[in-house]
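**Student:** One letter stands for each residue in the lines below.
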Amino acid sequence: MNYIFYFLIVISIIAGAINGKLSDVVNAILSGAELSVKVAFSLIGIMAFWLGIMKIAENCGLIKIISKLIKPITKKIFNEIPEDSPAIGDIAMTFTANAFGLANAATPIGIKAMEELQKHNEDKKSASNAMCMFLAMSTAGFQLIPATVIAVLISIGYKNPTEIIAPTLLVTSIAFLSAILLAKLFQKFWIPQTKSEEKNI
Amino acid sequence: MIQTLMNIISLWALPSIILLILTMGLLKKVPLYETFTEGAKDGFKVAVNIIPYLVAIIVAISMFRASGIIESTGELLKPILSYFNVPADTIPIMIVRSLSGSAALGVFSDIANNLGPDAYATKLAAIMVGSSETTFYILAVYFGAVGISKHRYALIVGLLADFIGIISAILVCNLLF
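Chains as they are written, first to last, in our numbering: chain A, 1 to 201; chain B, 1001 to 1177.
Please keep in mind that the hints were generated in silico from the structure rather than gathered at the bench.
Ideal Cβ placement from N, Cα and C applies to all residues, glycine included.
Everything hinted at is true.
Simulated restraints, written as ranges between beta carbons of each label pair:
| hint | chain 1 | residue 1 | chain 2 | residue 2 | range |
| --- | --- | --- | --- | --- | --- |
| 1 | A | A166 | B | S1072 | 31 to 37 Å |
| 2 | A | T96 | B | Y1033 | 20 to 26 Å |
| 3 | B | Y1083 | A | G61 | 55 to 61 Å |
| 4 | B | G1116 | A | N19 | 27 to 33 Å |
Start from the sequences, fold in the hints, and give me the full structure.
**Tutor:** If you want it as structure tokens, here you go:
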């Protein structure tokens, strides 16, 4: 991430200078910073709502039931997380929300799942294998119905917007499965997490 | 027919999840109001926690987009991609897709409005945008919320999966349309 952060900023400044857009690049610092705070603050309300609902789901045992239902799958994918951890149920809820295109529910629930995974993490600063797996799966963005895209297609008078669903589903499934396989592969070859990493910070 | 069914599903997905959770909570005699507010208390804390991570990533990406490099990279990739029957208009989407969801949607709307419903580019762009999440945003928010700053291989895997998504979108679109 250090290199990517450096790369993005240095390339932007150099390319901005070459393209004569340096003042735009400088302005983007201010607008980007403002946007970040806007995004974070717009999350507060909906985050509070879903964290509240999820607390009820956890205390009434629903999360446990979901965890049990999907155990055969998650046992293989998240093999480092105890089977009865609420993390598993939260992860399932995140993907349910994602699949139905409920982005503003998926993000808070996903964060909740990440917090549960953090409880099982040895080094609190670096991502565990389970966290990398969950993140990779989330970024692949498995969705049953691409609602926003369909809305745009309808607005331009696309005759049969639903014909886009099947190919999109196929592509998103391929990306989702390759995310899981890649995460498993990298898990084997990447330097394992160690507690001593904390000292280097 | 399929469209009405779809509308019903997207309309009812959220309410049914909430109904299910609350009803089950009531049946299991969970103190609903107290439990809800106890959980909701963390909303503010989590949102504030992710600010530094969001600032780092959103500022860097805003600068990147403002620098005009996406357009120049697009020009560079044009001859290679046109060989594979990929319209030049969709190139910005491939580059911006993992960086900014709103930007990708913006480019898609432009293509759809300018080239119209029958264009191949509109279909390819729709599939590319519909099949992806904004990798950098998810990374900043999910890892930021719990204070993870060492991502290990998470980003590489996310970007590789995005890349595979783009390739398969091109292939699928080529086969179908």
